[in-house]
Every structure is written in structure tokens, then in C-alpha cells.
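Visitor: Residue numbers (full-length UniProt numbering), protein chains in the order written: chain X, 1 to 757; chain L, 1 to 757.
What the hints contain is simulated information worked out from the structure, not anything from laboratory work.
Given the structure is predicted, the values throughout are model-derived calculations rather than measurements.
All C-beta atoms in this analysis are idealised placements derived from N, C-alpha and C, irrespective of residue type, glycine included.
Incorrect hints may appear among the rest.
Taking beta-carbon pairs under 7 Å as the criterion, some of the chain X residues facing chain L (in silico) [stated by the list, open to error]:
no.	residue
1	F71
2	F75
3	A288
4	A291
5	V530
6	V712
7	M715
Protein chains: 2
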Amino acid sequence: MSTTSINGEAYTDQESDTIPLLTSERSNINSTSQVAIVGANVCPIESLDYETAENDFFKQDWRSGGKIQIFQYVFMKWLLCFFIGLIVSLIGFFNNLAVENIAGLKFVVTSNMMLARSEGNSFNLVLFGMAFLVFSVSNLILTLFASIITAFIAPAAAGSGIPEVKAYLNGVDAPGIFSLRTLIVKIIGSISAVSSSLFVGKAGPMVHTGACVAALLGQGGSKRFRLTWRWLCFFKNDRDRRDLVTCGSAAGIAAGFRAPVGGVLFALEEMASWWRSVLLWRSFFTTAVVAIVLRALIDFCLSGKCGLFGKGGLIMFDVYSASVTYHLTDVPPALALGVIGGIFGSLFNFLLDKVLRIYNLINEKGIVYKISLACAISVSTSCLLFGLPWLASCQPCPSDASESCPTIGRSGNFKKFQCPPGHYNDLASLIFNTNDDAVRNLFSKNTNSEFQYSSILIFFVTCFFLTIFSCGIVAPVGLFVPVIVTGASYGRFVGMLVGSHSSLNHGLYAVLGAASFLGGSMRMTVSLCVIILELTNNLLLLPLIMLVLLISKTVADAFNGNIFDLIMKAKGFPYLETHVEPYMRQLTVGDVVTGPLQVFQGIEKVGNIVHVLRTTRHNGFPVIDEPPLSESPVLYGLILRAHLIELLKKKAFMSATVPTSIDALKLFPAGDFAERGSGNGDKIEELRFTEEEMGMFLDLHPFTNASPYTVVETMSLAKALILFRDVGLRHLMVMPKISGVRTSVPSVSFSKILPVD
Amino acid sequence: MSTTSINGEAYTDQESDTIPLLTSERSNINSTSQVAIVGANVCPIESLDYETAENDFFKQDWRSGGKIQIFQYVFMKWLLCFFIGLIVSLIGFFNNLAVENIAGLKFVVTSNMMLARSEGNSFNLVLFGMAFLVFSVSNLILTLFASIITAFIAPAAAGSGIPEVKAYLNGVDAPGIFSLRTLIVKIIGSISAVSSSLFVGKAGPMVHTGACVAALLGQGGSKRFRLTWRWLCFFKNDRDRRDLVTCGSAAGIAAGFRAPVGGVLFALEEMASWWRSVLLWRSFFTTAVVAIVLRALIDFCLSGKCGLFGKGGLIMFDVYSASVTYHLTDVPPALALGVIGGIFGSLFNFLLDKVLRIYNLINEKGIVYKISLACAISVSTSCLLFGLPWLASCQPCPSDASESCPTIGRSGNFKKFQCPPGHYNDLASLIFNTNDDAVRNLFSKNTNSEFQYSSILIFFVTCFFLTIFSCGIVAPVGLFVPVIVTGASYGRFVGMLVGSHSSLNHGLYAVLGAASFLGGSMRMTVSLCVIILELTNNLLLLPLIMLVLLISKTVADAFNGNIFDLIMKAKGFPYLETHVEPYMRQLTVGDVVTGPLQVFQGIEKVGNIVHVLRTTRHNGFPVIDEPPLSESPVLYGLILRAHLIELLKKKAFMSATVPTSIDALKLFPAGDFAERGSGNGDKIEELRFTEEEMGMFLDLHPFTNASPYTVVETMSLAKALILFRDVGLRHLMVMPKISGVRTSVPSVSFSKILPVD
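In isolation and in its complexed conformation, chain X is listed as follows (with noise of 0.2 Å):
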């Protein structure tokens, strides 16, 4: 029996984009053949492999244990969902108090500076310019050292993290993404980058912070710091750590928005590619655990303690109003802002896929170049924040304000910037604040002629650019909150623009904006939906965000791919999608296969497996019996690559073929065969071998997983990528119909190492 392997590693070749599954190089229909593995040129990418390895190891696996062990797993799991919510919701609680104090104290300073120049109502340039100075050189040196600490501590770091997490979930590791250092220069990193007033978000960072805990956890401590619990040795596998990971990024999501259900929508309609209902059940812990926590601090801090922070509720942008309604004739603004939501959408991907290949120019110039381009978006972001403001006229305070007007100092509407008495600049209440308070008062109903037509346009072409601009710094900078921010500015343009035609208050046309430019860019639908119901509050506007997030996705998904996905493109990650193409219907399994196949025999000489290791990059290889070990060639199962290096380096060898009285299965604890940390795994030219050793046998049959996925290779592509996405293989052998009866000595029966007869 001849075996044909399609060892592709699921990777799609980031070259051409015509063929994402596999290359299709088979010579000749007869010959053994193996796919080359295609991609990974830009990082080295470790896969992950979703598949139980069913080999003689795992019959002694906890899995097969008694009722203690499984306690023990299923205990430890929902423990470390806990963990996973308190420790994503403290840092989330530390990021919003951090970032609202420093940006805070920074504004009130710069406002009172300005302010005592206004109050003397002479221009005094003097004032002035410190007041630029103090501002724009804050601002410079959080940037600075957000770019600094990510350039040089944890490059992984950079961005906003979500296309790494999402291609984990999908079964790419890249090297980094999770480490503690990852980790903490996340944390920090994104403080300071979110304080620094440029236009960035904390919300991907977040998810990332999530995903990033949860994997720490799962790790098992560190054997580096001997931080090691026997208990967590259940979760040195794959399949164990994408589920922790999928809750952590849930998590992050509801930290970030302080939006629970949002954020477990978020995970499985956006990150994870499995998904399993208990699945499910447990994000959903781990994001009460989340909102619990948040809302008791949140709680904790209403009472005034936390300095600057605090004065909102679990509800982001609480801009509840009662008396909602609205009538039909408000169906065709929204479908209007969904149609603009759309095209603003897909232009702004466009953009920003564009403007990230120039920037990955730049940045592999070195970290110099890195950190150039992040201090110089940053002045010119102090710059036109500072700057644009003159543009507006001021404007006399309305008499029924529901707040003071003009505010001075840091949070609420109505800024007084240069303005005399009062009177408010309407452009510097939007541009010259916080992105969470811009959006809140462009949110914010009965301010229906707060702002002017210019001052909106003007704010909406500076985010559009500037969130473009600023995405790709070497910073860990996230993408949601800009986005909103940017959605919500033409959303009131367009409610300006319909005016009383309509019934609905401006605040909900920019939330409606918002959620059209959502939709635009990140193509989700019911996550975004609860997303924006959980950070608004506003549950009666649900058919219109509905409406216009359904509208916004069809229209922007006819021009290109929703944003991470594009992003993880241009960083060079595979990803392998659910969607089947319409030619992968004519094609069959077997055309796709590629050689020359490697495969080892039962009973294998080590230099052969050293060799092949060391030229190949395949991560698992079929183990065939020949005879006289069987009747006929037949196929015993796969052998991964990470366990044949473990074996190598036991150096448990044999010196014939014959079966030895090596009980491998004493030699070797089940612990050794676990899977490492992510990117701790041994390289195979790390390993030394004298030419004596290179000349023994190893016995690879109770370390093969005997029940690897085949199919036929008469399937179609299209079925076969269906079983490869669904139960997310990593391998899968390609079987020939024929059986192709090479011998048929009689057979030597070696039942002691074939257990099947």
C-alpha cells in the first residue's frame, strides 16, 4: 500500500493569492509526494496543532485517568477562566485610570495655561507657545517612550495585536506574541501611547493583554523561575491553550469597552476559527467575572478616590434618552449613513493597508527609522490639534446647556479654548479633549446646533488621516476607539445635514455613524451591534444599528477584506478561511499533493531522521510498516516533529531492527511529550550525534499517532478543507484508492511492536 501525505500545515501562500490551501505541483499521479510548506518567509511561524495525537503516550494521559484527574482539569480550567477575568480586568481598570489621569492632568494644565492668557483677553503669544510647548512635548515624550520600550523590549508588542491573536486562533503561532514581556509592554506601552493624545485606540491592545494572560496562565508557570504547578500540566497542549486564549481575548474586549457580551461575540465571531458551545459558556464566565470586578472598582471610584477617573458608569458613552422614537421617514438617512459607512469604510482599509506597506518599508530601515516615525506623527498630531482649533469661529453659549459652558480644564462639552467668556470653540471641544470625550459629546443629545458644519468636516478629515497615520507606529496603539470616534464625527454631519427633517435627536445619528464606520472597516455584525448597544445603553435604536451595520458590511465587503484581515496579510501571517472557492470544486486532494514524500519506516535508522529533519521543515511525517515488519506496505500513522526531536534527544537507541526489551513508555514521562510554551520548543540543529548513534535504530511505533485523518485522494479540495477547517487539522494523509500490491511475501508477524494484528 503506497501512502501520499498532504503535510501542508494549512498555510496559505502569501505570494500568490489565487491559491490559498495548498500548491498544486503533482508530477506524476503515481509517485509519492508531499506538499512543500509554503509561506512563513516574512517571520519564522510556528503551527499549532488542534489534533490528538492518539499514539501510546496519550493512553497514559490524564485524559484516560480517573475521576481525580478529570476534577482536577475541569476544576483548574474554570480557575483559570477566574483568574483570567480578574487579572484582564484589573489591568483594564489600571489602563482607563491611568490613561484618564494622565491625558487629564495634561489638559487641565495646558487649558489653565491658556487660560490665563484669555482671562487677561490680550494675545500673549508667550502663554501660548508654552502652552504648545508643555502639550506637544508631553505629548512627544509618552510617544517616544511607548515607540522606545516596544521597539527594543518586545517588538511583538507593536499594533494593536488582534490579527496575531486572530491568527493563533486560526493555528499560526508567531514567535513572541505571548511572552511576559509581550506583556508588559503592552500594558505600558499602550498607556502612554493612549495619554500621548494621538489618535489610537486601547481596545485591541486590550484583547491582545487578554489573550496574553490567558496563554501566561495556561503555560504553567515557568520552569525558568521554578513556577511550576503540577495541576496546570493539563494545559500543555494546543487545544487547551487556544480555548484559554479565545476567553482571554473575550475578556479584553470586555475590559476594554467594559462590554461582557459584546466582548464574547466579539471572540467567537471575530477571533476564533473552532468554536465549541462549552466553549462559549465559558468566555461568558470569564466576562461576568470581568464585569463584576469593573463594576465594583468602577463603584469604588464614583466616590471620588481615583483622582480623574471616574465619573463614568459600566456604560462607556451613556447617552440614554427615554423618549426615543422614530418614524420611517428616519429609514433613509440610515440607510444613507450606512452606504457612506460603507465606502468610508473600505476606503479607510484601502488606506491603511497601503500606508502599512510604506511603513514596513521604513521600519525595516532600523529601530532608528521606528522610532523617527512615531515622535514625527506625534508632533505633527500636537500640532493640528492644537493648531486646527483657531479655525473655528467661537460661539456664544447656549442659555439651556445642560452642562456649564464653557468648561475649563479636562472632561465634559463646550471647551472655551481661545474664546472670551461665554462663548465655546465647538472644534476644540471635539479635537482638543480625550477621544473618549469627543466621542461622548458627539454622542451627547439636546446639543443639536453645538456644532457648526465646518468645525464637524474638519474634525472628520483630521481622524479620517490621522487614525490612518498613526495605526502603524511601532507602539501598541489599537484601532476601535478612532474608529468610533471618526464614524460618530460624519454620522452628526449627516444629522446636521437632514436637520429637522428627521425625529431623531444629532447624538443618535453619530451613533449611528459610528456603527456605520464600524461595519465599514471591521465587516462584524452581531458583536458590533452589542458592542455599541453595551457602550451607548441605547437599546430602541437596535433595527436602525441594525439596519445600517447589515447595510455598511455588504457595501464595504464588494471592495475588499475587513481590516485585521488585511493587516495580518501584510504582516505576512497565513490564514486559512472557512470559504470555499468556487475552483476548488475541480480540484481533488490528490492534484494538490506535492513531493517528494517523506516518511519514515517503523523501525528507523536515526541518521535518516536526523537528515530529515534537518532538511525539511515539514512538523510531521507518516510512518510506514514495510515488510518484513508486515504482509505489505501499510501505513502505521504520523510522527511529529516535536516528538521525534524529544526522542533524539533521549537518545534511547537500538542497535538492530529487532524489537528490544526498551520499555519506551517507562523511559520517557508523558510530561516530556507535552507541548512547550509557545516558541520554547528544541531545534533539531541544536542537537549533536556521534556516527555511532547516527548508525541506530529507533523505534518510532508507540510514539506515532496511530489514527491520523485520511481521505481518498479522489476528494475534492473543497471537502477536504471543509474537515481541515472544522476539526482544525494540522495534517492530513492523502490515501490512493488503488492498493497497490507491491509484494506479498508472507508475513513476519512482530506482534510485540505491532499491536494491531
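Using the hints provided, position chain L relative to the given structure of chain X.
Guide: Leaving out everything else, chain L in the frame of chain X:
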């Protein structure tokens, strides 16, 4: 090569609870063997097939066609979703309108009759008796009507229908659940059952209605009524129909509770066994249509054009209070509610299961018994509803009541019943009311002193038991609303006990109580959470609701399974869980296959086929090519029973075992092999053959699925179950590991029949 096949149809054995997947009766490890079909002895259940049958016909399928076909397919799928949403929302609206008008009219008439009495201030037995007579007789008539149409016209419409739809989405098609007749009876029966003041809900029947609409739309019209459209032929397969039914059930919840996001999540969490991300997007679209249409219709009704209906908006129980604040001191009562909910929920499930089993015994005796049972329940309910309020003493109206007190007539709080002017009967406010109004009263804020302990307790006990006894009657009755009422009542009771120690309103305790009882009996997490949010528009309670749901589900899971699964089991529907039991890791698939294996040759005698089809109930058969057709015995693929019957019907037989010039592909248009509507398949017993025909041959190759899923016999049952469930299989071929070389004669090449070389 010998072949073994698991042909177990994903059936669970409903007699023995121990081995869910397959019976284990393998006599001899080397013999070819096949699993007997277990289960399905309660009613003739059809299984569904979600695997793509890749035979020669499939290559002619539209999927392999041009862009036009693919566009038609995608367009039709969205169009169907739109129509599902539209029709379901219209039905849901009509349902609400009818119920509120019928039930409302009944209460208005009865109350007015009693009012006439009480205004005279003397106890007028005649008037009271007349009021009771009108009330109970109208209830009896409505119940009788519902049960008669259900029993005589469409027995499949009885109950909520959620277990049936859930079983369908798991791959089991009960007869008649998706017929037009069932749909009509479901709608009308549900309206009259709910209007008859029984403790039954209308949300469950709405789910079934939605699924039914989806299945009927997807069936591609009716051949009998000549309503067919060529474009609908795309949906003549189980896979697409399953997707539509999932969207339909989401639309059902969306229309029943006016909870569009909750509907999507309900379908995802509770109903669907297989889920793809594109389905999330499509079901979201469907429920968005429901939300928008419902919103427009309710908008229309707000102007008072819908009779007694029209008070509610899109939020059914709008108890929002902007000033919800709660502190850590409110957590212990919430925890207690969670525990109580878990205990009551599992007790409820336990009792309901027992009562349903008793009812089954009664119902088996005949239609008269069924209908009498329904009538008995109706009469006792009427008596309780009319009698119990006399146990409560009249309370003086609060001076600060936001509503009029006492209310006379239908809607509102503070029912007058028998009380003197200026007083109200608190028990009557709950029990002598529609369920929706009872919930509204329990959830209402600022009414902390409205209810007495005794009244709430009486109401809780009545609800709890009446719900259990009403659920099994032969009428379309749901469970959601009664469960919400029951939970709200003990929630309010706990709130009253906690009293002033808590900062929470009693109405909010009722919401938490409803959440806990829902969680305890239905065991959902995210979907229930969102449904409760959408029902009550109270996002600030989110952390507490999550906490309560988590605890009640955890506590209840310790005792028994979720209510729908219990009903499904009682009804005898097999259900394949995703969950892997520990023992499954010990067994291999080779251990559980049973014999004898029924295989067909690639070119098979008609008599053999007819005999095997008549004597077995397997749905698929392995096709083997043996010498001289091939070098050695080789598995060609899997042929389905339905396709074999279609072949036999056409009688395109050959006279010899050599390939003839009959071009099978031209003889059979692809439509002949499309899946029929539910339960419309032909039976082998209906076909007749002459002696001569029985001796002829059939070439099965073009009709055989040449790429079935196969596993090696050493694979553990756990791993095979994951494959079975994740990919949605119905058949799985088990291959032996050893290539049993039975013959080595020189091969005769039949390359024309065997495209595989």
C-alpha cells in the same frame, strides 16, 4: 482490501443511556461488519445528510457551474432570508395582535360583569357566577379548539416545537414537523391556547413557526400545487435547508420576544448543532428584517388602530429606571437567587419530565383522552384564576401610584376584582391577568409595597405547577413566558424579604429571578442574557444578570439536563452530543462496529440491491470493486439509499456485468437526485420488479460518492465523534489498518468505468 463501515446514522440508543454513539457488538475483529441502526422505534424518523455526495452527478451540479449559477444561488439565499424575516415578523405581529385582543376582550368583559356587581356593593352570586361562567367557558372553548385542530389535523404541532427543530438541526427529521398543515395549526392553535389563559407561552411556537416557514420556503414550492421555481432547486439539499431553518428559528425568537440579537444567539447557542460564521451574518440579516418590520408595525399600532394591542414598543417589559445603582451588598441576594433558580429550575425540569411521561401514557390511549386532558387543565386553570384572588385581602390604593388605582378592565396594575372602590386585589393583579401583564406588574418599579408575601407565594406555587401541567397538553404551547412569570414571582419575593437592606428595586429582583429560573431550566448563557436585556431594556443590571445566570446554570447542571433535551429524549428523538465521555477514549471505532457488513459491487445485480434495501434500514452502503473489475478488492465509495431507489425506479438496467454504452448521466437529470421535501421520499416497498429485471445489473459507479470520509479502525471513538459532529456526518467508513491481500491475480483494466487509475 477489506472494508468496514460504521453506518450508525448518528443515532443514539434511546433504550440504554450508557452508549450514545453506537452499539458495541463486534464479534470478530477480522470479519467485515456493520452497525445496526438503533433507535427510532418511537416514530419513523428520517435522518438528514449533510455530506456532499461527490459522485459524477455532483460534477454536473450548479456548484460547478458558471458565475451566473453562483450569483443566482447567493441572491436566492439572501432573498429567502428576507422573506423568512418578513413572513415571520408578520406572523409574530398577527399572533400578538390576536392574543391581546382575544384575551383582553375576555378580561374586559369579565371584569365589567364583576364591576357591575361590586358597584352595588352587595354580594351578587348570580353576577359573579355569570362572570365565572363566561370566563371559564370562553377559556374552555379556546383550549378545545386548539387541542382539536392539533389532535386531528397536525399532531406534530403539539408542544413548543423547539425540541423538534433542535433535533432537525442535529440531523433528525421527524415526520410532518415542517408541513404547511403543521404551520397553520401551530399559528392558530398557539393563538387560541395562549388566549385561553393557560400558563403557556407563545415564543416556543414562534420558533417552530419560523423554522417551518424557512423549511417550506426552501423546499422550492410544491409539485402538487405546481408552484415551483427553477431558482429554488438550489436548495433541494439538506445542507442549505438546515441553514434556512437555523435562520428561521432565530427569526422566531426575534418575533416572539421582539429580541433580534437574542434570536441570533438563541439559534447559535441552543438550536444549531453546526454553525458557520456566514450563518451568523445571514441569521443576523433575518432578525434585522424582523426587527425593522415589527418596529414599523408597532409604530402603526401606537396610534391606536390595533384594538387592545399597541401599548408596548419593541421592548416588551420596559422597566428601565435611569437611576439603577447597586453595590456589593446587593451581590449576596443575587447569589441566593442564582442558587434558588438552579434548584427550582432543575426541580422544574425533573417534574416536567415525569409529567410528560405520564401524559404520554394518557395520550397513547386515544384522541379523546388527549382532548379531555387539555379540557381538564383548562377548567382547573379557570377555577384557580377566578378562585384564588378571593384568598387575598383587599389593599388600599397607594396615594403615590403612577398608574390609576384600581384599574378596571384589561391592562395595567392594581386590579380591582372584588374589592371596594379605592382598594385593589394584589393577587388578582397577577393571576387574573394575561401572562405578559403579570410579568409587567412584577417587573414594575416603585411598587415595592404593592404585593403581600402571601399573594406572591400563592402566585408562585400556582404558576410553577400550572406551567408543568399545561406544557404537555395537545396544543401548540411554549415554555418561555410561564418560566419568566414563575421566576419573576420568587424573585420579587426574595426582593421583599431583603427589603430595605438592598438598594435595588423589587422590580429588578423580579428581573433577576426570571433570569435565574430561565437559566436553571433552559441552561443557556449568552443568549438568555441578551434576551433578558432586550426584554427589559435594562443594561445596567448586566453584571448581576450574568452572575445569576452563571450560578443557576451551574447549580442546575449538577442535577439534570436542559429542558429541551429532556423533552427531546421523552419524545424519542436521538441526539448526538458534542461532548466526549471518558469511556469513549478507551474504545476504538473498530470496537463498536457491528456486522454483518452490507456492501455492493461496483456493478451489482438488481435482485441483490432490492433484497438488501428491503431487509435493512441502512441509509448508505459501501461500494466495493472486486476482481476482475480491479486488481484487488478496493473501496470505491458510498452510495445512498435514496439514490439507489431513484436508480431502481428508472430501471436503466444492464444485461451483463460489462460496461455498456448507456450514458447514465444523460439518462438522469440531476434534479432527480435532489433531496425531496421532508418525508416525501419514495419507499423501496412501493417498487415492483419482474423476475427478468431482478436478474439484470446496475452500474453503481456514476452514482457513488467516490470520496466518503474514512477513518482507520484504531481511531478512538472520542476522536471519531469529533469528526462526526464537527463536519456533520451521517456515515463514516472504518478502514482496517492492514491491507489484507486476498488476491494477487493480474489486474484487468476497466478504465472506462473506473476513472481512478
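Visitor: Each hint should be assessed against the structure and marked as holding or not.
Guide: Hints versus structure:
{"no.": "1", "hint": "F71", "result": "11 Å, violated"}
{"no.": "2", "hint": "F75", "result": "12 Å, violated"}
{"no.": "3", "hint": "A288", "result": "4 Å, holds"}
{"no.": "4", "hint": "A291", "result": "4 Å, holds"}
{"no.": "5", "hint": "V530", "result": "6 Å, holds"}
{"no.": "6", "hint": "V712", "result": "5 Å, holds"}
{"no.": "7", "hint": "M715", "result": "3 Å, holds"}
Hints 1, 2, counting from the list given before, are not met by this structure.
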